[in-house]
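Student: Each chain, letter by letter, is given below.
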Amino acid sequence: EPEVTQTPSHQVTQMGQEVILRCVPISNHLYFYWYRQILGQKVEFLVSFYNNEISEKSEIFDDQFSVERPDGSNFTLKIRSTKLEDSAMYFCASSGQGISNQPQHFGDGTRLSIL
Amino acid sequence: AQSVTQPDIHITVSEGASLELRCNYSYGATPYLFWYVQSPGQGLQLLLKYFSGDTLVQGIKGFEAEFKRSQSSFNLRKPSVHWSDAAEYFCAVGSNSGYALNFGKGTSLLVTP
Numbered sequence: 001e002p003e004v005t006q007t008p009s010h011q012v013t014q015m016g017q018e019v020i021l022r023c024v025p026i027s028n029h030l031y032f033y034w035y036r037q038i039l040g041q042k043v044e045f046l047v048s049f050y051n052n053e054i055s056e057k058s059e060i061f062d063d064q065f066s067v068e069r070p071d072g073s074n075f076t077l078k079i080r081s082t083k084l085e086d087s088a089m090y091f092c093a094s095s096g097q098g099i100s101n102q103p104q105h106f107g108d109g110t111r112l113s114i115l
Numbered sequence: 001a002q003s004v005t006q007p008d009i010h011i012t013v014s015e016g017a018s019l020e021l022r023c024n025y026s027y028g029a030t031p032y033l034f035w036y037v038q039s040p041g042q043g044l045q046l047l048l049k050y051f052s053g054d055t056l057v058q059g060i061k062g063f064e065a066e067f068k069r070s071q072s073s074f075n076l077r078k079p080s081v082h083w084s085d086a087a088e089y090f091c092a093v094g095s096n097s098g099y100a101l102n103f104g105k106g107t108s109l110l111v112t113p
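Listed in order, the protein sequences are those of chains X and V.
Quick note: the first sequence uses the working numbering, first residue 1, plus one each step.
Quick note: the second sequence uses the working numbering, first residue 1, plus one each step.
Isolated chain X, as found in the complex:
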């Protein structure tokens, strides 16, 4: 069964540094998402991306965050200047169509630790 793959599985970064989290969505999917889960808390939506632009974003997704689909297979989340509170598990997801038709399939996540 096709999977969403995320790299790296664990990223340790100094506060203030830039970090890029990478995702390879399922190949024929058109909608891409990032979520995060702070330890002990619920999974929170960050952003959705379709047709090379952001289709929806949450309040969490401020100017420090950006997303990009640099080629036909990768989908990245960049945090420009990391803060301690950015420490979390970041999940990438993809779906073939919008939410009303197909569910979102998630990767195994990248655990981001900010020191």
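Among these hints, one or two may not hold up.
[To be verified] Only part of the chain X face toward chain V is listed, based on derived beta-carbon distances under 7 Å:
#1 G16
#2 L30
#3 G40
#4 K42
#5 S48
#6 S55
#7 E56
#8 F65
#9 P103
#10 F106
#11 D108
[What the hints assert, rightly or not] A short list of chain V residues far from chain X (calculated; beta carbon distances all over 10 Å):
#12 D8
#13 I11
#14 V13
#15 A17
#16 S18
#17 Q45
#18 L46
#19 K61
#20 E64
#21 E66
#22 R77
#23 V81
#24 S84
#25 D85
#26 A92
#27 N102
None of these hints come from the bench; they were simulated from the model.
Don't be surprised by glycine CBs; every beta carbon is placed ideally from N, CA and C.
Fit chain V to the supplied structure of chain X, relying on the hints for placement.
Tutor: Just chain V now, kept in the frame of chain X:
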């Protein structure tokens, strides 16, 4: 605004016993409802989904869930739990006016011998 409540933070059941995990949602129109499972160190795996139609939906691993509009609930059930079912279970709601899934806080399931 949409919201999802999972009233039980932890549930312990004996292997072979039946299971019901509760989920209540708040949303004005018909929601799109999902259950995901997260094993330790793993991502979120989709168990089942409800978009429309039959209110009893079947999922993977022997799970089912029933959408009850009158109770704003979408409880997850399994007739006989296996030790491998121990995991964190998340209920989520979406709508056709957006892209985001709104997750509950999760229920941690422990299965005892």
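Student: Taking the closest pair, is the beta carbon of L46/V still more than 10 Å from chain X?
Tutor: 5 Å, violated
Student: Are G16/X and chain V close enough, Cβ to Cβ, to be under 7 Å, as the hint says?
Tutor: 28 Å, violated
Student: Restraint: S48/X near chain V, CB-CB cut 7 Å. Satisfied or not?
Tutor: 4 Å, holds
Student: With a cut-off of 7 Å, does the beta carbon of S55/X approach a beta carbon of chain V closely enough for the hint to hold?
Tutor: Holds: closest Cβ of chain V sits about 6 Å from S55/X, inside 7 Å.
Student: Any Cβ of chain X at or closer than 10 Å to V13/V, or is the non-interface label fine?
Tutor: It holds; V13/V is separated from chain X by about 22 Å at its closest Cβ, greater than 10 Å.
Student: Taking C-beta pairs only, is S18/V more than 10 Å away from all of chain X?
Tutor: S18/V clear of chain X: closest Cβ-Cβ about 26 Å, beyond 10 Å.
Student: Are all C-beta atoms of chain X more than 10 Å from that of D85/V?
Tutor: Correct as stated: the minimum Cβ-Cβ distance to chain X is 19 Å, above 10 Å.
Student: Please confirm whether R77/V is truly not at the interface, meaning its C-beta sits more than 10 Å away from all C-beta atoms of chain X.
Tutor: 19 Å, holds
Student: For V81/V, which was marked as not at the interface, is the minimum beta-carbon distance to chain X over 10 Å?
Tutor: 23 Å, holds
Student: Verify that the Cβ of I11/V lies farther than 10 Å from every Cβ atom of chain X, and report whether the claim holds or is violated.
Tutor: 17 Å, holds
Student: Does E56/X hold up as a contact with chain V if the rule is Cβ-Cβ below 7 Å?
Tutor: Status holds, d = 5 Å.
Student: Minimum Cβ distance from P103/X to chain V below 7 Å?
Tutor: Constraint on P103/X satisfied, holds at 5 Å.
Hint violations for this structure: numbers 1, 2, 3, 8, 17, 18, 26 and 27, all remaining hints satisfied.
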